[in-house]
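K.L.:
Model the placement of chains B, C and D on the given structure of chain A, informed by the hints.
Residue numbers (the working numbering), protein chains in the order written: chain A, 1 to 291; chain B, 1 to 291; chain C, 1 to 291; chain D, 1 to 291.
Take these hints with a grain of salt, some might be off.
If chains are identical, the list can't say which one is meant, so a pair holds when it fits in one copy or spans any two.
Simulated crosslink set (DSS-like; lysine-lysine; CA at most 30 angstroms straight-line) [unchecked claim]:
hint: 1; residue 1: Lys73; residue 2: Lys100
hint: 2; residue 1: Lys149; residue 2: Lys209
hint: 3; residue 1: Lys209; residue 2: Lys291
hint: 4; residue 1: Lys100; residue 2: Lys160
hint: 5; residue 1: Lys160; residue 2: Lys253
hint: 6; residue 1: Lys291; residue 2: Lys149
hint: 7; residue 1: Lys100; residue 2: Lys113
hint: 8; residue 1: Lys253; residue 2: Lys285
The set of hints was computed from the structure by calculation and includes no laboratory data.
Nothing here was measured: the structure is a model prediction, and the numbers come from that model.
Protein chains: 4
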Amino acid sequence: MKTPEQSRLRLIASCPERIGIVARVATFLAERGASITEANQYHDPSSQTFFMRSDFLIDDDGETLTRLQEEFKPIGDDLQMDWQLTDANRRQRVVLLVSKFDHCLAYLLHRRKVGDLAFDVPCVISNHEDLRSLVEWYGIPYHYVPVPKDPEGKQAALEKTAELIDEAEPDTIVLARYMQIFPPWLCERYRHRVINIHHSFLPSFVGAKPYHQAEERGVKLIGATCHYVTEELDAGPIIEQDVARIGHSDTIKDMIRLGKDVENAVISRGFRYHLEGRVIVHGNKTILFSK
Amino acid sequence: MKTPEQSRLRLIASCPERIGIVARVATFLAERGASITEANQYHDPSSQTFFMRSDFLIDDDGETLTRLQEEFKPIGDDLQMDWQLTDANRRQRVVLLVSKFDHCLAYLLHRRKVGDLAFDVPCVISNHEDLRSLVEWYGIPYHYVPVPKDPEGKQAALEKTAELIDEAEPDTIVLARYMQIFPPWLCERYRHRVINIHHSFLPSFVGAKPYHQAEERGVKLIGATCHYVTEELDAGPIIEQDVARIGHSDTIKDMIRLGKDVENAVISRGFRYHLEGRVIVHGNKTILFSK
Amino acid sequence: MKTPEQSRLRLIASCPERIGIVARVATFLAERGASITEANQYHDPSSQTFFMRSDFLIDDDGETLTRLQEEFKPIGDDLQMDWQLTDANRRQRVVLLVSKFDHCLAYLLHRRKVGDLAFDVPCVISNHEDLRSLVEWYGIPYHYVPVPKDPEGKQAALEKTAELIDEAEPDTIVLARYMQIFPPWLCERYRHRVINIHHSFLPSFVGAKPYHQAEERGVKLIGATCHYVTEELDAGPIIEQDVARIGHSDTIKDMIRLGKDVENAVISRGFRYHLEGRVIVHGNKTILFSK
Amino acid sequence: MKTPEQSRLRLIASCPERIGIVARVATFLAERGASITEANQYHDPSSQTFFMRSDFLIDDDGETLTRLQEEFKPIGDDLQMDWQLTDANRRQRVVLLVSKFDHCLAYLLHRRKVGDLAFDVPCVISNHEDLRSLVEWYGIPYHYVPVPKDPEGKQAALEKTAELIDEAEPDTIVLARYMQIFPPWLCERYRHRVINIHHSFLPSFVGAKPYHQAEERGVKLIGATCHYVTEELDAGPIIEQDVARIGHSDTIKDMIRLGKDVENAVISRGFRYHLEGRVIVHGNKTILFSK
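This is chain A alone, in the form it adopts within the complex:
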């Protein structure tokens, strides 16, 4: 399969529908010796938009990716494409934000350590000190930025947080149970690059204390939702969701415990889809080219 001289590259693109998109892209790749390993195309009939994702192997002299990006530009322009051509094996830089609950963080760092998820973590930022030892055990810098309740203090804290994020130059930010509203100006700066895990089956139980809301309503399933953060609370494009069964004797404490497994499953799948370039945001929804 992949030989030492080869790289695995990835093209993700969307554009207005017209005849011949795949032909042009595939011909471009074939002419350069690319061998497609996995690809998907989808035409959304309501918006007349075409989406595609191609993974391919190609001989790499070290300049191949840059050269392909330059050479593809005229095609992308002509087809009015939003496109990204990347090294599929490049590890993204991911900043993790947490508060006190450690399960999502512990899960992601453990899975990263054993090689199940490939990404780099320049730092973890938290509004609490609680998880410092866990994070530092993994050799990752931990920034403690307390968020006061008064508006000025809060604003200053969020600006400090933003500064730390900017310095880390992340590809992606994961709110791994960060119990603070992510400010609109940061959403805009990192559009479609901030992933949140919310512990309910959205759109049910938006906002604070979803398990308490679930207990109040008497639902028979609890859920978790992984979504891109937007200006509107818990309303961004959904990447992945799942549920777990509960019974009448399950207390909120039980829900919190059972919910951890669902949250981990959902963030794990959703975050992996994101890292592998399988998610394309389209309006307030996502196109998901799963394996």
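P.N.:
Below, chains B, C and D alone, put in the same frame as chain A:
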């Protein structure tokens, strides 16, 4: 197991918590030769309420159930119990209400015919003529009561519907995709005896066209909820829920198709729990003593 | 989207991996004005085989499909392809074989009638008379071919069955709980066109009475498997599987009842994948291009 | 609910069916002021065996449990009961055995640390050194007992392992991916107290390399099974099972990764059921009184 002279009876009860409830009930049963086959007890700590359900076999001279009901009364009074002592093998009379979608109706009637669900159907009532031939093929009377849009006509239609229901003397009413609001006065008359299937994972997507709402929001799972009907739309005590996975290319037509299987699974389980006396309503929630 | 003059065609293909397959196929399609609506490509690294499926819209003068088939032939030959170019909207002819259990048959015929599954049924063949009235209610011919236990009688019955199948000129044969071994010579004649539903999570509980085997072993989940029939019993390429939870108090009768829903779900999905050309058999496995 | 002077005790019992079992037990408890919080009874019709589990609160002078055990003995004898009367809040001593895969171990130790699972770990025993640092980070002693391949060395290693287990005086032993056959004489010594997690949906894929077996067969779901260890490999009473969906492009490496979440979910639930006394072994099956 059950001999020809035996009946299978069932006691369902709830009462304020105190010491010795199970002892008194179980002693009462043992003194009369009852053999418990399945039983559950649960103490809800927040309301200090005790719930129990017992199935038992007992020799039956034809008067046994009536005699036990009389003899248990002083115990029930003393323990301030809500209780029901019934013949577990008695088939409930169930009136089904439908509109145009036939899947829940077809599922329940088929499962009844092959013996998977045991209940009698005095009649089916519909605001459309569409499903008459299906229902009559099963030898069940079909009443067509169109529901006009004008308030007076609507009120008359609902009164006619109520009259037909009353005449049928049902134990339970199932709204098997009946696309009309069930009036409050009927809810009250048949409190905790009217079961609805709603095609969303409540409390998401209350009211009309839940699949359109789901499509709009871009959820990754669709759901169905079986609940008791109350005065507030789609807000009654939930009996059972489940979900099914959808993808970005699934249209509303696909959701409707995929949803049928979830709706059938949910109504099938929820309705069975109800028929087997496994559901006890407690406030706006249900205690569910599943197998 | 699809205009009246357009047809939706479908190309399914597999061939030895080489550079430029997608480019050649997509260029072929683009030159003829085809608009791709959904496509998938997958390269299996262990066998170095390339698999693809493309749905596309194209102006149709009535000869378009035939012309495309002729014009594509040289490309297919050159790439050493197994390929099929078909009208995606053509309804397959499907012969259903059943014994006494009616749930899969009833499910498929009901879903067909309401338009959820599109296929034609030239006839149903059974070794019992039980389901005649159900099948004839749908206006479908029912052939009763009893299968005696003596070898000669059995052989004659299977030849009669084969004759009826051949006469029906089916695209696909579905064993919807047909409790007879499908003879090897018929497997060969209809290679990868005979679908069976087995009521276990294969490879567990091959052969007769899987629910009894499950009860004996004390499993906590029962399952169902939809697979292509081959000469080896219950060992053909698996298309789809699923499971349902059971408890210690569930009897074999309960398993049979609960299993019906799983069997229906599995045959429904598996059969649909087959009808939509989403399944490519590869050795003893299947490539499944699901939506 | 529970007051400071109260203890939560638990009675688990099975005995031949006869009339009045619940009455005698419940009366015994009521006479001593016990308040039942959760209870289940089940009568297995095929073996005519009665099973019960009761959690109750009772005023505790420090001698209460011992006194109740003595006082209950005559009842237990008379009813030919297998019974256990225990402090529901006593933490079991659990020895964990592992090899190289760390996910089950990491999951259980993390869940224990944050209070989601209550048990004590006198030591972890492994045939490899790999997981020492993880275990010691949690402050738990780690014993490295390499298991050579030659019969004599192997026997000596297993005897050393048994010795370490005996010294730890465990209530329960968990094989958290311990890739060695547990010897029959140890199975007998710790009958129904050794829990294994096997990474397949048993009885499919018994023994070594189940994911390789799954890949070979082309199944569409992989599974995990939590069971009590007996003399026969992977054939003991099943406590819990679950599955996860895989696709044609998932490699064995993907299965291993995806399987970790299923294995963790299954060991988590199965082990919790065991700790909470919800599992009663009956022949080669389990009665499971889940919440």
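K.L.:
Take the hints in turn and mark each one as holding or not.
P.N.:
So, going through the hints one by one against the coordinates:
no. : hint               : verdict
1   : Lys73 with Lys100  : neither (45 angstroms within a copy, 48 angstroms between copies)
2   : Lys149 with Lys209 : within (18 angstroms within a copy, 41 angstroms between copies)
3   : Lys209 with Lys291 : between (34 angstroms within a copy, 24 angstroms between copies)
4   : Lys100 with Lys160 : within (19 angstroms within a copy, 42 angstroms between copies)
5   : Lys160 with Lys253 : neither (33 angstroms within a copy, 41 angstroms between copies)
6   : Lys291 with Lys149 : neither (44 angstroms within a copy, 40 angstroms between copies)
7   : Lys100 with Lys113 : both (21 angstroms within a copy, 14 angstroms between copies)
8   : Lys253 with Lys285 : between (32 angstroms within a copy, 18 angstroms between copies)
In the structure shown, a violation is registered for the earlier hints numbered 1, 5 and 6, in ascending order.
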